[in-house]
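Trainee: Construct the complete structure from the given sequences, taking the supplied hints into account.
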Amino acid sequence: MNESTVVTEQKLGGRSGPFTLASLLSRYGMLLVLIALMILMSLLTPTFLTADNLLNIVRQMSVVGIVAIGVTFVIITTGIDLSSGSVIALVSVVVATLAHPGEYPLVLTILAGLGIGVLTGLINGTIIAKGKIAPFIVTLGMMTAARGAALLYTGGRPIGNLSDSFRFIGQGSLLGIPVPILIFLFVGVVSYLLLNKTKFGKYIYAIGGNEQAARIAGINVDKYKIMLYAYAGLLSSVAGIILTSRIASGQPTAGTMYELDAIAAAVIGGTSLAGGIGTIGGTIIGALIIGVMNNGLDLLNVSSYWQQILKGAIITTAVLIDSRKNRRK
Amino acid sequence: MKKTMFSALLASLICLALVVAGCASKGGNAESQAPAQASGSESGGGQIHIGAALPDFSDKWLSYLQEGMEKYQKTQDGVNVTYVDAQNDASKQLAQIETFISQKVDAIVMVPVDTVSAVDIVDRANKANIPIVVVNRWFEGVDKAASYVGSESITAGVMQMEEVAKLLGGKGNIAIMTGQLGQEAQIKRTEGNKQVIGKYPDMSIVLEGTASWDRAKGMALMENWLNSGKKIDAVVSNNDEMAIGAIMAAEAANKADGMIFAGVDATPDALEYVKSGKLQVTVFQNADGQGKSGLETAIKAARGEQVEKNVYVPYELVTKDNVDEYVKKWE
Amino acid sequence: MNPDYILELTNITKEFPGVKALDNIQLKVRKGTVHALMGENGAGKSTLMKIIFGIYTPDRGTIKYKGEEVKLSGSKDALRLGISMIHQELTPVPEMTVAENLFLGREPTKSFGWIRKKKMVEDARKLFDSLKIDIDPNARMADLSIANMQMVEIAAAVSRNADLIIMDEPTSAITEREVERLFGMIASLKAKGVTIIYISHKMDEIFRICDEITVFRDGQFVGSKPAGELNPESLIQMMVGREIKQVFHKDEAPIGEVLLSVKNLTRKGKFRKVSFEVRSGEILGIAGLMGSGRTEVVESLFGIVPPDEGEIFVKNERAHIRSPQDAIRYKMGLLTEDRKATGAFLPLSVKDNMIVSSIDGYLNRAGLLKGRLVNDMCGAFVERLNIKTPSLNQQIGRLSGGNQQKVLLARWLLSNPDVLILDEPTRGIDVGAKAEIHKLMSRLAKTGKAIVMVSSELPEILGMSDRIVVMHEGEKKGELTRAEASQEKIMELVYR
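Chains as they are written, first to last, in my numbering: chain A, 1 to 329; chain B, 330 to 660; chain C, 661 to 1156.
If you're looking for bench data, these hints aren't it; they were derived computationally from the structure.
Using N, Cα and C, we set each Cβ at its ideal position, and we do this for glycine too.
Mixed in with the good hints, there may be bad ones.
[Stated by the list, open to error] Covered by chain A, according to a simulated footprint, are these stretches of chain C (three or more residues, beta-carbon under 8 Å):
id: 1; segment: 975-989
id: 2; segment: 1019-1028
[What the hints assert, rightly or not] Here are the computed lysine-lysine pairs in the DSS-like style, where the Cα-Cα straight-line distance is at most 25 Å:
id: 3; chain 1: C; residue 1: K726; chain 2: C; residue 2: K710
id: 4; chain 1: C; residue 1: K852; chain 2: C; residue 2: K724
id: 5; chain 1: B; residue 1: K389; chain 2: B; residue 2: K403
id: 6; chain 1: B; residue 1: K607; chain 2: B; residue 2: K389
id: 7; chain 1: C; residue 1: K1030; chain 2: A; residue 2: K223
id: 8; chain 1: A; residue 1: K197; chain 2: C; residue 2: K1030
id: 9; chain 1: C; residue 1: K792; chain 2: A; residue 2: K223
id: 10; chain 1: A; residue 1: K223; chain 2: C; residue 2: K1000
id: 11; chain 1: C; residue 1: K736; chain 2: C; residue 2: K688
id: 12; chain 1: C; residue 1: K1048; chain 2: C; residue 2: K1099
id: 13; chain 1: A; residue 1: K132; chain 2: C; residue 2: K1000
id: 14; chain 1: A; residue 1: K132; chain 2: C; residue 2: K928
id: 15; chain 1: B; residue 1: K517; chain 2: B; residue 2: K638
id: 16; chain 1: C; residue 1: K691; chain 2: C; residue 2: K724
id: 17; chain 1: B; residue 1: K584; chain 2: B; residue 2: K604
id: 18; chain 1: C; residue 1: K862; chain 2: C; residue 2: K850
id: 19; chain 1: C; residue 1: K792; chain 2: C; residue 2: K778
id: 20; chain 1: C; residue 1: K885; chain 2: C; residue 2: K710
id: 21; chain 1: A; residue 1: K199; chain 2: C; residue 2: K1000
id: 22; chain 1: A; residue 1: K199; chain 2: C; residue 2: K726
id: 23; chain 1: C; residue 1: K991; chain 2: A; residue 2: K199
[Unchecked claim] The following label-pair restraints were derived from C-beta to C-beta distances:
id: 24; chain 1: B; residue 1: E520; chain 2: A; residue 2: P101; range: 38 to 46 Å
id: 25; chain 1: B; residue 1: K649; chain 2: A; residue 2: L152; range: 29 to 37 Å
id: 26; chain 1: C; residue 1: I775; chain 2: B; residue 2: V448; range: 55 to 63 Å
id: 27; chain 1: A; residue 1: G312; chain 2: B; residue 2: E396; range: 38 to 46 Å
id: 28; chain 1: C; residue 1: R982; chain 2: A; residue 2: G312; range: 44 to 52 Å
id: 29; chain 1: A; residue 1: G131; chain 2: C; residue 2: E729; range: 58 to 66 Å
id: 30; chain 1: C; residue 1: K1000; chain 2: A; residue 2: L310; range: 36 to 44 Å
Mentor: This is the structure in structure tokens:
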């Protein structure tokens, strides 16, 4: 077999030959689900398929979507990050106090916010990697501690009076596209490159695929785990800044349960809890599926009780498909 | 294998959490126990000892309630109150009440963390023959307690909606934004809204959905509603935060003009919005008054006096006309 | 409907998406015999076994068991009919006791489902006595050796009154003495009229214990013959479809300077004062039984578990190796013994598996991977090592064992080490791939690399090594040159 045959066979899709329905479904399943959902929604309500509403959906999902991208990195290594929602809250209250009009430059405010995210991530990662403690426990601890810190910092009250320049991040538009969407897009592209085109990304997959083998292959597993959680923390803080700007208020209760929506988006998008598998594109699709569901059901004025049941059902179905896919291996 | 590990972890985690919670609450009680016993031995039988179980010291509104109690306590001789914080943990609150019972306090004042487990807590106090006064949060079975002191959630919904109906001239399309599903305040406030709407044939509910008390979620819900093509004349929200979210969404879409917004709680942020005319209606729940009445009723019960089964502290409607008076309360 | 046959499979076909795993397979197994199934990895043996055990249902074809046609829809059906399987990867519950594992799912119970533990232990003891197995029923399964776990599995099959037992590579992870014990067990089962289907890659075993041999190749039936009519060469020919003249490909290579030397390496409880050296162009074989400390030595050499004492010199320079990263920095590579547990990243692509240890070489200035370069490098190795994969993006987990092993070898070759340590490089892979790997080793030695090879297979050690270090119970027992070494000499050193 020479190089050219490898390449041609790659184009043909390899030994699996022509695309069967099964292979199509396993590869593009969730994209098809998203398209099907969108078709269904636009049939049910004429107001769904408008440029305004579609932008609206993406803007709404950009906060959870950004968190979900960070969580995808973590889940690929068989980890989990439960602290993202609380980190959002901590970032939110700190950033809000720095964002009062005329106090600090915007850049400093943003850097402080990002710094908090990276710091919480570094703490998570260091305890997980060096202390050999399960990510579930460590990030659960951080989830409680960060929320507590946010409440302590504010005495439970929201912080308002934010500068216009800060509000622009969550409320403004550039060329008709809301800034949160632009940030989401930027984070998506950077994360895609990071995960697929850099050493960091390849090592993340390797650690998730087989941690012991990764060590023997010469990967400094601890170092990359710490970097990984720091990156997830960074993205949580990006989400926290957008959220704070969007609601023009620093809230110690912000981001409650966002970690679960983010994990759901990643899992719906095909990230395997068993590790080694997951893509940024998949996670974005997962986030959009949740967004389309939320939006469509609101447009249709479906009872909130039913909304929860439907959301639960789709998450479970996604995990079911995922476990089937893995079992076939 | 990994999944089994995960569930095992989860299980052990829950156990750990329970143990830690138990220890923490024991620790907390041990501290609060000391002064109570000391005072008991000092003044013998004449002294009244009351245990006050609050859900969350860091909550601003509840801190006013506590202040109301403390102020009233100062006016009373021979009354000793121990305050404990459940940190929003129902099992911790149960443990704290158990400690009160074992200390044989004369009466208990409780703001329940969770309205389901509260039934059981009231039962325990009753079995120990200690009068228990439930404050602020109503629940099914509260009539077993010595007394319930609070404002009727339904009244907030009614007051808020009646003001909106007045502003709309008795006709229009209403969107109702509700709090966390299944909570008493969400159910009752919404019910109050609906009672009023039912009286006006020209008013109808066109949209209803939950935003879980959260500003960001209220904003997202409103954005979706604005895209639904339905005409909305008023957004009636179970609390202020969600109403503010809705206002922000409507403003961003340039659709806020002529739309009525109503909330509940009269938080400082909300009062700002009322002042600027963006939020037309909110409702103030009298924290101070509830705290005072709660302790007053408990002291009566401790002395063996007859107490009212339900003591209602009225809500107060806040509009642009009287907003300044409430702004002062938070300063 | 021949009463002589306990199992008759006719025209069995099974397809997986994109792959025809079995194509019109025939198999007839005589009652009370040991029947070998042979074939390279990927020939379809495992799939067929899963069909017999009811885990897969065939797309076409019939299964007759004891003369009657049966449809199996799950291993429960198979167990009920008296078919048992000793898996390649044993699946006991490690935290439970031997007796509990033995009666898993059919525990003797009292009313309300209380388990009669005493009776269970007694039954287990009786069963072990009758089979002459010396294992404590109260021992924790996790504490047993693999061989003893296997014995428990066999005992479980016997206690179910199995008439047909499938053994899938039962000797792949046990020591030679344990193999003897297993063969004794097989003989006594056979005497009781139990039929055994035996899957193995090891020629000598097949000819020792099997009555009849069936060969598959690429999912197709090649033929069945009584063992007496075959010899190793004719059997290999059936399997690969071509004549393999020389099983071990060994080229003469110029021996150069010492690249790696080890002095008095010690890890407490594992091995003591082990010293050896290996030169450029040389293949050093490390022989010894399982548990002799061979694998532990190379693990310490590579920094996975650093040694407690002793010195390592790379090119005569003292090397401090505390982690695999250090070892790689000293231009070493290690192909581990357990491909699945410590080698391959199963969910990842062939490409990603290959580049992981040499990734720095493909980055541009911005830190991004040069996609073309990666494809070219990996493509070249796919060609050079004759790796059978539909594409570079194929998940490695979907390749056969031999091809997985070649991908992992490619990983180390891409990192261009001076010293390559290969721990059981050909375990569990088919004859064709084995020969290719041996050839590659020779070629690498010729280019001046030093190779350390650990192997349980004496023929491989003798066939490939320039020098042989013999280990036993954590100690180096001696060293033999290629000229003086023989199977007997090695065994002599071990048991001296």
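Trainee: For each hint given before, does the structure comply? Return the numbers of the non-compliant ones in rising order.
Mentor: 9, 22 and 26
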